[in-house]
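Undergrad: Put together the whole structure using the sequences plus the hints.
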Amino acid sequence: MMYESSHESSHETQEKPEVANMTLDPPDPSLKKRKKKTRYFEHHIRKILKEIAPERDLTQHAKVQLNELAMITCKLIKQKILAVLQSSRKRTMSSIEVEASIRLLFTGQLSQKLLDEGKKCVQQYIDNSKTKELKGQSRHSKAEILIPPSILERLLRTEMFQMGFSAPIFLAGVIEYFLAQILQLSVLVSKNIRITIYDIEHGIKSDRELSCYMLTQQIYLFEAGIVPFIHPDIKQRSGPNDKKSIKIMTRLQESQGHIFPKRFFDNLCKHFITLIYPDIRFQKGCFVYLQDYIEKWIVDILQYTNILTIYSKKSRVTANDIEIIISIMEKRTPSFLEQEQIVHDIGVLNINSP
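For the sequence shown, my numbering begins at 2 and goes up steadily by one.
Simulated from the structure, these hints should not be mistaken for lab results. Glycine included, each C-beta is placed from N, C-alpha and C at the ideal position. Everything hinted at is true.
Between beta-carbon pairs, the in silico distance windows are:
no. : residue 1 : residue 2 : range
1   : H44       : Q125      : 21 to 27 Å
2   : N268      : S139      : 53 to 59 Å
3   : V65       : I194      : 17 to 23 Å
4   : S239      : Q284      : 48 to 54 Å
5   : A320      : Q80       : 33 to 39 Å
6   : A54       : I308      : 29 to 35 Å
TA: Here it is, written out as structure tokens:
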């Protein structure tokens, strides 16, 4: 019995260190699964720029913003494609549905040029596939484009619909021309060797169809600043106060900084949010995107209101002018007209009542 007890105790002493080692050893950080970063178009944006202007380059922030813009455009095109497929009751996605979605999303010459580029890429792929020299080559080399169609195929793939060979090639040509058009306008506007996000914003604003697309789809570039604009009627004024105000406007527009102080805006947002959610906590810098969006929204409203005031030959901006601009942007009737209509209807009812 003594032997058995000593054997059991020795067995327990052998097992305890193993359990202790298993619990005390820290986990290996190399074994943790890291999320794979999908950059999609970032690598190809620089290649497109080198084709347009070999001596130019662009900043990392501008590259990231252009990549996001291309991703948003692909998602919008995909939504239109799915709507077209559901309405036509088809099960296969081809270049015909991509063409229809681009006609619904873009307007004017930009839409036509995008369609021409997509058709050209598909035709080049078909012609080069027949030659023995390019046999075994990739799809983007056969289509003579820089963006691989595999990226667009991954974005377009769904479980409900099948995909034809022409759809990703057509869309790859469209996205490449779309990015090339933005980069070409940015090169013309930029004065530096490296293109910044401000140059991209200025280039998009200089093109009517691109700016219309950004405005209708409510797409904004982060930290792009404000494109300088002073109405010619204001520049022609020769008064001493007018010249001083023009200098202040020029300096503020060229500063490219925030309009509101960051601390003031953060405290204001925290105050209103805590009224609804008292126990909520805020991460540092969580209101940066919101501040940038609201500042651009306010500047656009005031810019359009200023133009309305100038052409209506008034000296001051009124609340009704701002309401007219907001109602046009929101596609509704101004509130003061609705109130006047209600008062008129009440008066008519009182007159007609016995």
